[in-house]
Amino acid sequence: MTDTYSPSRSSSFLSSRLSVLGTPLSTARRSTTSVGSSLYGAGSGEEKIVLDIGTHTVRAGFSGDSQPLYQGALFGSYSKRGQMGLLEGATTGIDVTSVDDATLDVLVLEQLRQVFSEHLLADARARKVAVCEGALLPVRVKRAVARVLLGNLRVPLVTFYPSAVTALMTSGKACGLVVDCGHRGAAVVPVFDGRVMSACIASSPMGGAVLAGYIQGLVRRHGRFRRFGSDSDECVDGVLTLPIVEFIMRKLLFAAPQTLEDVARAEDEWPWVRLAVDTPNGRGELRVPQWLRCRTYELLLEGDSGRDYAGIISALMECIIRVPVDLRRVLVARVAVVGGVADMPGFSKQLIYELNMRLQREERWLALAKCVSLAEEPTAGAVFRPSDRPWIGASLAVAAKIGGVDVRRDDFDGYNVPDWTSSY
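Residue numbers for the sequence shown follow my numbering, beginning at -17 and rising by one.
Hints were generated in silico from the structure; no laboratory data involved.
Not one of these hints is a red herring.
Cross-link-like lysine-lysine pairs, in silico, DSSO-like; alpha carbons within 27 Å at most:
hint, residue 1, residue 2
1, K352, K331
2, K383, K155
3, K124, K383
4, K155, K331
5, K124, K110
6, K352, K155
7, K233, K331
8, K383, K110
Just need the whole structure built from these sequences, with the hints factored in.
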């Protein structure tokens, strides 16, 4: 039996010292563990680097770990080297339709080189890589990732895993409905026996980007801003920057099963949420209506009728209709909600509640409505964050030696990559 007391004390001590010296705490934790240690029992020779590349966030770490060592904004910072100057000043994420393949390769190369050298401190040429890919990941991005890993970084092997399958692995399930609520939209992916039913995938444009724009419009109309020391309110437009909108999304929003009467009662007792913000002309107080915190999530579930955007519940219903009749009960009984938007407290339970209510509207779905539930056991609690589930599942799959779609460096021609929607 190994002694777990001394390494933990050493890890805590070195992490605190290295944080003072400027070394990332994740690197400190990793360096103080024993060589080849793994939560799931994989040795050092079997360890791979696991990447989860989404539309807004990239996560990276080592197989067998219980959480990613690095999580950051995708293309969050640009340098002026070469073609990177073309997108200088952009924020996070990227619309692949607006750049050519050469620019996309440069973006991916700088992102992954930074992850390997600064955060993982690993030699890419000596490590195999597992990539967790979403259902709606463009093939262009997949090709760019393969070209950079196999061509530029000289990785010996890249294994692709569908994120829907790996997300279900964290619940110990091999079949279910995976609702991936990302930045650019939501995808409902049915999985049966560890295989993605690609013909039955449904999607919705309601994602984090739409939610951010909606919140920005609501705060502009209903919010208040007053500079410290001033007696009058000012315009909110100059204060409502993207970081503040993202802070409201991450820290203030929650999904609560409240009636209109409950919301009105809460507004009477505590009508505003007050935030101290910095502006170019000084600090001030931004006041956000209380009702905005607990009701904004409804836009994602119900959709935006003004722009003819279908909601996530409509995408779920479309997916249920597409799957074979004999699989519907099994799939709706195991609904896994993942993605960055799903980190909102109470979002998963409200999604299940709204889906149940939608099914009960029609008589032919009444029997199916009784089977709707989350993939997690009711008594399990919140073990993993929804946004980390695909990465954790890929880490578990690699440690358990569960195969995916492999692409070797010697066999890659620079363009053709296996597509799991047709071959996996």
